[in-house]
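Novice: Taken in order, these protein sequences are the chains called A and B. So the first sequence is numbered by the numbering used here: it starts at 1 and just counts up by one. So the second sequence is numbered by the numbering used here: it starts at 1 and just counts up by one.
Keep in mind that a hint or two might mislead.
[Claimed, not checked] For lysine-lysine, the following DSS-like pairs were computed, each having C-alpha atoms within a straight-line distance of at most 30 Å:
1) B:K2 to B:K70
2) B:K42 to A:K79
3) B:K70 to B:K56
4) B:K42 to A:K80
5) B:K42 to B:K56
6) B:K2 to B:K67
None of these hints come from the bench; they were simulated from the model.
Each chain, letter by letter, is given below.
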Amino acid sequence: SQTIHQWPATLVQPVGSPLSLECTVEGTSNPNLYWYRQAAGRGLQLLFYSVGIGQISSEVPQNLSASRPQDRQFILSSKKLLLSDSGFYLCAWSVDNNQPQHFGDGTRLSIL
Amino acid sequence: QKEVEQDPGPLSVPEGAIVSLNCTYSNSAFQYFMWYRQYSRKGPELLMYTYSSGNKEDGRFTAQVDKSSKYISLFIRDSQPSDSATYLCAMKDGNNRLAFGKGNQVVVIP
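All chains should be built: construct the whole structure from the sequences, respecting the hints.
Specialist: Spelled out as structure tokens, the structure:
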């Protein structure tokens, strides 16, 4: 069966520091991969998605970037974190565009 | 008008009652409909997935879609304290664009 892993589960970072969140999927090949941010009372916001290695689409302009160096690895990064980057970051995967997305357990990011 | 409307709740019910949740939407291009359950500090877990009008049943869960009224529902029969969570509706168009409701918090009281 397929599983998705995200780490770390919790992260506290100072303003201006870099960020790297990692997500890996097991048990499937060439999945679609997604990064979301979930803010209280605002629902899930799609940040990036990828349909293959090196293929990244950005949904909103922001202080973040994403990379997919391997088939089942998706990384969310920032060079300099802002206070507004605080939130709950979720990685998700799907088999293809017609199948539902499955989520990891997220990273709770606090910026001080 | 927001694309997906979902009452945030919270909705409190006694154990054993039927939980009824719903979402309305405005975009007629939505073709696929999902319900997710999210426990505190966890990621959303897929409960139901359907792409046609009508009912779909899975154990104690029933998903209902009415495309003509742009309305979807989730019913939970014989609710248990372990059903206490936030429930998110989601819908997708033919271009793989996914829109989520804001989530409805459910509390099942033992």
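Novice: The structure should be examined with respect to each hint, and the outcome stated for every one.
Specialist: Structure-based check of each hint:
Restraint check for K2 (chain B) and K70 (chain B): satisfied, since their Cα atoms lie roughly 13 Å apart, inside the 30 Å limit. A C-alpha spacing of about 27 Å is found between K42 (chain B) and K79 (chain A), which places the hinted pair at or below 30 Å, so the restraint holds. Pair hint K70 (chain B) plus K56 (chain B) holds up; C-alpha atoms about 17 Å apart against a cutoff of 30 Å. Of the pairs offered as hints, the one joining K42 (chain B) and K80 (chain A) holds, with about 26 Å between alpha carbons and a cut-off of 30 Å not exceeded.
At roughly 26 Å between alpha-carbon atoms, K42 (chain B) and K56 (chain B) fall within 30 Å of each other, so this suggested pair holds. Only pairs whose Cα atoms come within 30 Å are accepted, and K2 (chain B) paired with K67 (chain B) is accepted, the gap being roughly 17 Å.
Hint check: no violations occur; every hint is consistent with the structure.
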